[in-house]
Each structure stands twice: as C-alpha cells, then as structure tokens.
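Chains A and B are the protein sequences, given in the same order.
For the first sequence, the working numbering gives the first residue as 1, with consecutive numbering after it.
For the second sequence, the working numbering gives the first residue as 1, with consecutive numbering after it.
Just so you know, the hints here were simulated from the structure itself, not pulled from any lab data.
Check before you lean on any hint, since a few could be wrong.
Distance windows between CB atoms, simulated [to be verified]:
no., chain 1, residue 1, chain 2, residue 2, range
1, B, Pro141, A, Glu190, 36 to 42 Å
2, B, Arg96, A, Ile200, 36 to 42 Å
3, B, Gly74, A, His237, 19 to 25 Å
4, B, Gly74, A, Ile147, 28 to 34 Å
5, B, Trp199, A, Thr9, 23 to 29 Å
6, B, Asp147, A, Ile200, 56 to 62 Å
7, B, Pro280, A, Glu42, 30 to 36 Å
8, A, Glu203, B, Ser71, 41 to 47 Å
9, B, Thr143, A, Gly169, 48 to 54 Å
10, A, Asp5, B, Ala202, 32 to 38 Å
Glycine included, C-beta positions come from ideal geometry on N, C-alpha and C.
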Amino acid sequence: MVQTDVLVTDADQSGPFVRVTFSAPQIAPALAPGRFVLADLENYLRIPLFPARLGAEGFDVLVPPDHPAAALQPRARVDLIGPLGQGFEVPAAARRLLLVADTPHLPVLLPLTRQKPSETRFSGKNLVSFSVALLLSAPTAAELYPIQLLPTALEVHAVTTDGSAGHGGSALDLFPDLVRWADCVCIAGEPATYPALANIIREVRVGPGPHFAQALVVPPMACGVGACQGCAVPVAHGTRLACTDGPVFDLLELR
Amino acid sequence: MSEEAVVELAPNHKVGLALTNPVMPAAGCFGFGMEYGRLVEVETLGAVVVGPITAGPRPGAKPPRTLPLPSFQGGTEGVLLHTGLANAGAAAVVHRYARAWAHSPVPVIVHVAGTSPGETASCCQRLSGVEAVAGIELGLPNTADPDDVTATVRAARTAASQPLIVRLPLTSAAALCEAAIEAGADALTVAAPPRGTVWHAASGRFVTGRLYGRFVHPLALHALCRVAELAPVPLIGCGGIHSVEDGLAFLRAGATAIQVSGALWRDPACLARIARSLAPEAGSW
Chain A
1 MVQTDVLVTD ADQSGPFVRV TFSAPQIAPA LAPGRFVLAD LENYLRIPLF PARLGAEGFD
61 VLVPPDHPAA ALQPRARVDL IGPLGQGFEV PAAARRLLLV ADTPHLPVLL PLTRQKPSET
121 RFSGKNLVSF SVALLLSAPT AAELYPIQLL PTALEVHAVT TDGSAGHGGS ALDLFPDLVR
181 WADCVCIAGE PATYPALANI IREVRVGPGP HFAQALVVPP MACGVGACQG CAVPVAHGTR
241 LACTDGPVFD LLELR
Chain B
1 MSEEAVVELA PNHKVGLALT NPVMPAAGCF GFGMEYGRLV EVETLGAVVV GPITAGPRPG
61 AKPPRTLPLP SFQGGTEGVL LHTGLANAGA AAVVHRYARA WAHSPVPVIV HVAGTSPGET
121 ASCCQRLSGV EAVAGIELGL PNTADPDDVT ATVRAARTAA SQPLIVRLPL TSAAALCEAA
181 IEAGADALTV AAPPRGTVWH AASGRFVTGR LYGRFVHPLA LHALCRVAEL APVPLIGCGG
241 IHSVEDGLAF LRAGATAIQV SGALWRDPAC LARIARSLAP EAGSW
C-alpha cells in the first residue's frame, strides 16, 4: 500500500465506457481483480477505481462518461493510494467460473474473463479444461456492453429486461442453471439484487463451500485503510469493513 | 519539558505531555495507529491520537455510515460520518495495540468517548497503568452541560494517571471550557467535529453524524478564539485543517498544537507535510 503520483498514458472510448490507462509500477503488481486504488480526483473523498485490465507496469480502468476519471487525459498525473482491499479469489481447483454482472459493474469482472488455467489446473500431463461464463444484464440492448469487445473464449449469456437482446427478462431466470454448472461464482452488481441471488444458490446447491459465491460491495469510503470505520457492511455475525475486509465478500454471509 | 520538545500540553501535570512538533492526527481519523502503515510518516508528528474507545465493545452504527456531502460544482465538499463509536472495548484495544504503541516514535494519546462518568472512569482505569499511553483525550457528548462536564472530567481525572485533554463540543466549547478546567483538564481540544443530519434516500431515513470538510475550519477557529480568552491551559486547535495555513491560523489564535482530521483521509501525506512546515526549525510561527 503506497500513496503515489501516477501518469495517465492513454484515454479512449471503449463501448459505453471511457478507458483510462495508468502507468503505476509501484501499485500494479499487487493489484488483483476486485482490489482497488483510491484516486484523488478533486473530490473531498477519494474515489475507488477497480482495474479492468491488469499489467505488470500499469492497469486500465473503465468508467462511465460522467465519472470524474473520464475527464483524465493522457499525460495527466493522479495521486493514487493502493492497492487496497481483498479481491476475488478463484480457487485453484475451480474448473467452471461463473461471472455475474450488470453492464455498469462489468469492468470489475473483466480481468476474470481472461482467467487462464494455472499450473495447478494441470492434471498429470493433461491440461484440465477451464471455462468461464458471463451472465451479463442490462435494461436494453443499447445499454448492454458490446459482446464483441469480450474475449471470444468467454461464454456470454446476455439478458435484457425488454428482450431487445439475448434472454428477455431477469438475470435471475438464467442464474439457477448456471449456478448448477459453476464451481465458483463472482458477482458485481447492485447489492439490492444480492439476496435473490443468494436465495437461489441456497436452493440449488447443497452446502456450497466458503468463497463459492463472492460479491462486490462498495459503500462510500473515507479513509480506505480501516481507520475511520465508515464503510461497514452487514454480514452474518456483525459488520465488516469494505476497505479492508472487502470489498469482495462471501455472498452467503452478506445481510 | 525536554530540550527537543517544543510543545508542553500538560505543564501542571507531574509527568507532563511534551511534544517535539505541534501536529497530530485527530481522534476518529487515525484508527488505532497501525492502519495507515507507511502512508503517514509518524516520526514527523508531535503525537498520534488513537481511538475512540469505550469501556465495553461496541458494534458501531448500522450502515450507511459515510455520506458524502455534495458541492454546488458537482463532486463532494465534505462528508458526514456516523460510526457509532465502533470499537472492541478498552480491554481488548489495550491488549491488541499496547505493545505496538510502546514502539511508537511519538507519544500515543488515546481518545476515550466520555459517554457517562461511570463508563469514563472504567475506561480510564484500564488505560491508567498502561505505560505506552502518554495521554488521554476525553470526548464529551454534544448535549453535555457544565454539570455533566464536571462529573465526567472528574471521573476521568480520578481514574487516569496520565495527562488529561478534554475535547469540547464545537457549539458549546466556550460555555464548557471553565467547567472542564476546574474539574482537572490539563489541556483542551477545540473542537469536536460538528454534528449534522442528512436524508439518506436509499434507506429512507435520516442519518446523524459528525461533519468533516474545509467548511468546518472557520467554525472551529471561531470557537478556539472564544475559548482562548477564557482558558488558561494549552489549547489544541482541531477542525477543517487542510493546509499549513489552516493550521497556522489556529496557532496564531492561541492554540499550542493542532489536530488534522478529515484531510488525512484524502491525503495521508498531508500530515507530514504540515508537520514539517510547522516544525520549530521551519520558523513558520
């Protein structure tokens, strides 16, 4: 965890988002999907940024056009604190990873769409297959993240509320079958939708282990390091802090 | 006071509370001293103020606890924070952190939430024998009247062996300062962050908590100026300090030391920057 001035090396449009690339060799190596940095973007509170692409020397974020980071131009400098928090943990034994997101929260999960089989996924001399599926939802086709921008190896299940693309209705319609298939689920969406997702998991999976389903919860944060106690998230046995214990939590523990 | 010390916060106390720099973080902003790691150069500071703590454990307030305050230009200009004094309780906190505090390069001051005379006494008794605790800062309820202040500060004074700093509520600092001093305060912090209420639409309820932002600075400075006319003890200015100039204003108004609160969250490095600028050799004041 460091506080450092980093350089914006690129900024361009990527689907409905603005992609901002940071050169941050002091931070990037320890960043991971679901971990974050706090950026000083001229607000009283720093703003959390989650990597949408990770590299050894830097990282990309994807933000909506009205986000303070969307105004950053190449050669701008930004004061960052990070890396912070606990990210998604895909168990080494996982073979079928399910990602669940609505379009605004998809960037947090994008690094996981490029998840590759690790050495621990070799069985003898054979590479064990590792599949990633994405359940992606939006109100309409126009608001859906462009599928062609996603990795081709990714199995995408698109859902639109009005039926203008993919399945018409709710992500909850497809979730039960996908949960039966998956052995790890990573979710980034509106926390108000989490109880329904948790209930489906409890219905279709018997005794899902710890970290079977992990979900992102990002309340407003003041300090980002656990000093102010301001980002409490209710869990089964009290509260945890999003900045240090999260922002990725066991979905079934959330209250 | 040692030769290196530039500030004595408890000149009438048998041990005293001598600092080598007038700058410290405010209670409620710095955790228990470990959270910021190397983001804050602690050795540049005069002291650290950790806590708040209560006698027993408190789970803290139901979320939401942090509500950004929107500005006219878009973005935010401050924050309302309502933690409900979340902490593990005095005994657990001392057990967990006292060893680390003992290795702190600067004095550690523990903030006790003075919710009642009984709880205050219990908390201070637990801290009294802890060598790593150089001083106690006592917070008072916003609604405290002079009688409450007298009872709570006396309870703390009787129970604690360390120097006692009393943090006054902003809106009643001048009205309460004399009661605090007469009851045994060695120094006064002026002031606690003001309280405010925000409507939280998502949960459909009002949230009341402490306000942080630059807008607090003139309010706290005004309170300190009034207390400075009345109080013959060292004063610690606290509220809305975001720059060296903000801190200097408190020192010029009669403060002996200053505490940095919400600015620390946005820019942890500002603590060392302000401390270096206000170090005696910097000649700023």
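Sort out which numbered hints this structure fails and list those numbers smallest first. 3 and 5
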